[in-house]
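Asks: Read off the chains here:
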Amino acid sequence: MNRLPLWILGLAAILWGLAASAQDHAGTRTALSPDPIVLRFVSWKPDHPQAWNEAIARFTQAHPHISIVREIAPHSSTAYHDLLTQKLKNQDPTVDLFFMDVIWAPEFAAAGWALPLDDLFAPSERARFLPATVEAGTYDGRPFGVPSRIDVGMLYYRQDLLQRYGLTPPQTWEELVRQADLILKGEATTHPLLRGYSGQFKQYEGLVCNMLEFIGSRGGQLLDEERRRSTLATPETLASVQFVRDQMIHRLATRAALTYQEPESLSIFIQGHAVFHRNWPYAWEIANRSTRSAITGKVGVAPLPRFAGGSSTSALGGWLYGISAYSRHPKEAWEFIAFLSSQEMQKFFAIRAGLAPSRSALFTDPEVLAANPQFQDQVAVFQAAAPRPRTPVYPAVSHVLQRYFSRALAFTGLDLEAEAASADRQINRLLQLTEPRA
Amino acid sequence: MTRRILLGLGILLTVVGSLFPFFWFVITSFKSQQEVEAIPPTWLPSGGVGFYRSALVEYHLVDYILNSVVVAGATTLIALAVGIPAAYALARLKLPGKTWIMGGLLSVSMFPQVAIAGPVWQILEGLGGLNTRWGLLLPYITLTLPLVIWILASFFKELPEELEEAARVDGCGVFQTMIRVMVPLAAPGIFTAAILTFIYAWNEFFFALLILTQPEKQTLPVGIALFQGEFSMPWGELAAASVIATLPLVILVICFQRWIVSGLSAGAVKG
Amino acid sequence: MTNRPPSLTSTWSPAMPARGADQAAAWWMLAPALAFTLVFALYPVVDSFVLSLHRIFLGVPALGQPFVGLDNYAVLAADPVARQAFLVTLAFVLLTTVLELLLGLGIALVIHERFSGRGWVRAAALIPWSIPTVVASQMWRYIFNDQYGLANLFLFGDEVARYVPWLAYPGFAFLAIVLADVWKTSSFAGLLILAGLQVIPDDVYDAAKIDGASTWQRFWRITLPLLSPALLLALLFRTMDAFRVFDLVFVMTQGGPGGATQVLQFYGYKALFTEGRMGYGAAISFTVFLAIFLLSLLYIKAMGSKVLQKEAA
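Residue numbers (the working numbering), protein chains in the order written: chain A, 191 to 628; chain B, 2 to 272; chain C, 708 to 1020.
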């Protein structure tokens, strides 16, 4: 048994590793006690890391006793949600504050994961923000999130290509299809990789946003007026889904779009491989950054098209700052949030990172508009953005929607009507089961 | 003659089929960013070790590796410490209802993770074991025990009884007999069980995803599954990280393939 | 006899008289293993079942946790998502086990032969099995990428306009997951089959050779029948594992497109851990457990009768 010493060595090393990790823990705890405080902030990998580093540096300069650690969660809102909620279920005390997607506030509030911010986020302060964003963070009349920015779907297009063919940005989806057809035909020999449209159609949360825009711009909805019944099986909604399947997935966007989230679809556009691109406001800055983009200076932006007889609809997105119910430093977390969502910092992010502010006043700020011509004249779009269903069981509702839309787009020859009716039943059941009893 | 051609073909297919897909990832890890994004893809890489550097530094791969080493190593040692006596008792000692106990222990190997994940998670929450490495050890040990016991019991059964009897005549107790006489004899089996347990714990993803949510505690599979970049998938860094995560296992397999094969065979032959 | 697990045909019994002290020692030696198993495996399964009899929405604590009997299972039976997940899982299990047994048999036959460099071939065959599933999943996802993928490069070369977004087609996405699983685990099946090959005595073949049987005949008449216990064991292991596939789906497709790759264990994970439907999620996962359990019993029964036949012969 001459192998024994080796085993003992191994055992000792492992035990040392475990002990060291335990000590690590003790170490951070003592470090936390009076001074300096470490705030852990869960966010996605920022599209503009320098801007974020600078913002955080400004804060820590003013608050030398606080340091900020950013924890990076997945880009996809669905995957992000899974990770963050798992942390909160784990009562992970090292999460102090987080970004939450606008659709999560009801769930986070009802489950007790997010701190209510009644006193901190005072009504007078709330009035300075775009109402839709504040509304998104409110549950049962109490605020749980502070809007960091507003996101709405926008249409990006290749100005140079449209000009070459004497076109102006399309008003309707049908017009978009005609224009794309014309351009693709003309460019076929010089640019075989060019696609007509690039959007987000993978089976995840972004699919719901993309589809909501097509559905809304024909006058359809996801839920009825009382928000009690799902309305996927109505003629307007079915027609929109069919249009996306036949005109987008099977033609302009190509089937590959079924595997794209924001980064992949944007990557296609900035490589110059798409005529039209649907994305949030942040894409403008990236599409015009010469280190990343092959199409700087050739990009135009417009409200999303509509169907004949409908009106342009943009999904309301965006991220709210929330404080974890398990944070040991809610006070400091609030200081950080108040700093980040201040007029000054929102202006900073708008100029440096192209993020659309959630404070109404900034939409008339000349410096903001100079850096972001895409905001010009589009306040109406921002104010009219269409929210997704608000319910604490939104994740379950969204899974049904995602699956239905993905099936509708991916399977050819599917009985759409039956499929939609089945999804309606599942959503109705969820809504009915979780309706608080009177 | 046809037999030799068939064999040659078989060898070729086995080797190429097994290695080529991963080889493509290895090539990718040595490319430059332009080559990774080239359409159509290029064959010859020229990027050097740039992706390895950024994977290790910017993506904190070192932390993940350390966590994986600690978790997989500790799982292996404890699973053996628990599994060896159990296997010995089941293989060599008289016990009422032995087959049932063995059946019960082995049946765990077919439990789907999702069927026990919720309650295991709640137990760990009660014990304060969430987001700790030892918390992850508990399900890992439980889930590797069937494998350890299965392999070792079959090894113990093969050993000659004379040595054991001699030890007993010399006045050794049951436990002493096991430690002094039987364990050294079963060393090859123990070694095999150790390698398989280590590989299991190194590769496990489901429980690690649920139990460890702090990045500095997470293991390699979680790190690699949640890998992401700024604008698009960082395929180059991901390939580099994957190569690093796989390297220890490749070395283990190349050095000890004989043990792995013989150990699994010994267990399986009893079937 | 028939209920015995595979490796338990213990014909050996200690020659020594059983003493009370021995038995006590034996229990002590078993105790830690039993404790782990009871607390972290058996109790959780029972608890999952209890949970599945309640209606629990984590996001709506106001609803309480009412007992609803078997209601969750009734809903599950009528749930079209579950039905699709069940069919996808079943197809996955069937396809992967059959392919893995066939390829595993091939690998086993190759590395059973004696030739120089056999150790290296054996190591090569084991490498896919040792690679973390998560790594293998990322690797295959990259191979099937619509722009940079090896699959497209192989099939279409420079004709980039013909490149196919494999993972965007329900059928191809499903096959991609099957392929990734087959690549990763065929060699494990091969090892188990190899073990069976190694115990077939050479004189059986020699006798057959003298009788004038061809290589082919020897394979069909001798190798395969004598190999059947090992094949059944490999089948059992692979079936149980295939039923539990999760990592591949999580990394490669997240269940899409259109739910074409959503397997039961992934659906259960979604319901439990992302939708917060604890009761319904528990019902899904307990059903997965039951399916595996019943299937294993069936296999073990088949194997038990094989072993009996051998003993009788």
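Hints were generated in silico from the structure; no laboratory data involved.
Fair warning: there could be bad hints in the mix.
[Said to hold, decoys possible] Pairs of lysine-lysine residues, derived as DSBU-like cross-links and limited to a Cα-Cα distance of at most 30 angstroms, are as follows:
| hint | chain 1 | residue 1 | chain 2 | residue 2 |
| --- | --- | --- | --- | --- |
| 1 | C | 916 | B | 95 |
| 2 | B | 158 | C | 916 |
| 3 | A | 488 | A | 521 |
| 4 | B | 99 | C | 1008 |
[Stated by the list, open to error] Have a look at the derived ranges for each label pair, beta carbon to beta carbon:
| hint | chain 1 | residue 1 | chain 2 | residue 2 | range |
| --- | --- | --- | --- | --- | --- |
| 5 | B | 7 | A | 377 | 51 to 61 angstroms |
| 6 | B | 7 | A | 259 | 54 to 64 angstroms |
| 7 | B | 251 | C | 821 | 57 to 67 angstroms |
| 8 | B | 17 | A | 417 | 22 to 32 angstroms |
| 9 | A | 361 | B | 17 | 53 to 63 angstroms |
| 10 | A | 248 | C | 861 | 17 to 27 angstroms |
| 11 | A | 255 | C | 781 | 52 to 62 angstroms |
| 12 | A | 376 | C | 824 | 20 to 30 angstroms |
No residue lacks a Cβ here, since even glycine has one placed at the ideal position from N, Cα and C.
Asks: For every hint, state whether the structure bears it out.
Replies: Okay, the hints, checked on the actual structure:
Taken as a hint, the residue 916 of chain C and residue 95 of chain B pair is broken in the structure, with Cα atoms around 45 angstroms apart against an allowance of 30 angstroms. Simply put, residue 158 of chain B and residue 916 of chain C have alpha-carbon atoms about 35 angstroms apart, too far for the 30 angstroms limit, and the pair is violated. Between residue 488 of chain A and residue 521 of chain A the CA atoms are separated by roughly 46 angstroms; this puts the pair beyond 30 angstroms, and the hint is violated. Between residue 99 of chain B and residue 1008 of chain C the CA atoms are separated by roughly 19 angstroms; this keeps the pair inside 30 angstroms, and the hint holds.
Between residue 7 of chain B and residue 377 of chain A, the C-beta spacing of about 52 angstroms keeps the proposed range 51 to 61 angstroms intact. Between residue 7 of chain B and residue 259 of chain A, the C-beta spacing of about 60 angstroms keeps the proposed range 54 to 64 angstroms intact. At roughly 25 angstroms, the beta carbons of residue 251 of chain B and residue 821 of chain C sit outside the given window of 57 to 67 angstroms. A hinted range of 22 to 32 angstroms for the beta carbons of residue 17 of chain B and residue 417 of chain A is inconsistent with their spacing of about 58 angstroms.
At roughly 56 angstroms, the beta-carbon separation of residue 361 of chain A and residue 17 of chain B lies within the given 53 to 63 angstroms, and the hint holds. For residue 248 of chain A paired with residue 861 of chain C, a C-beta distance near 52 angstroms fails the hint of 17 to 27 angstroms. In this structure, residue 255 of chain A and residue 781 of chain C meet the distance hint of 52 to 62 angstroms, their C-beta atoms being roughly 57 angstroms apart. Taking the beta carbon of each, residue 376 of chain A and residue 824 of chain C are about 59 angstroms apart, not inside 20 to 30 angstroms as hinted.
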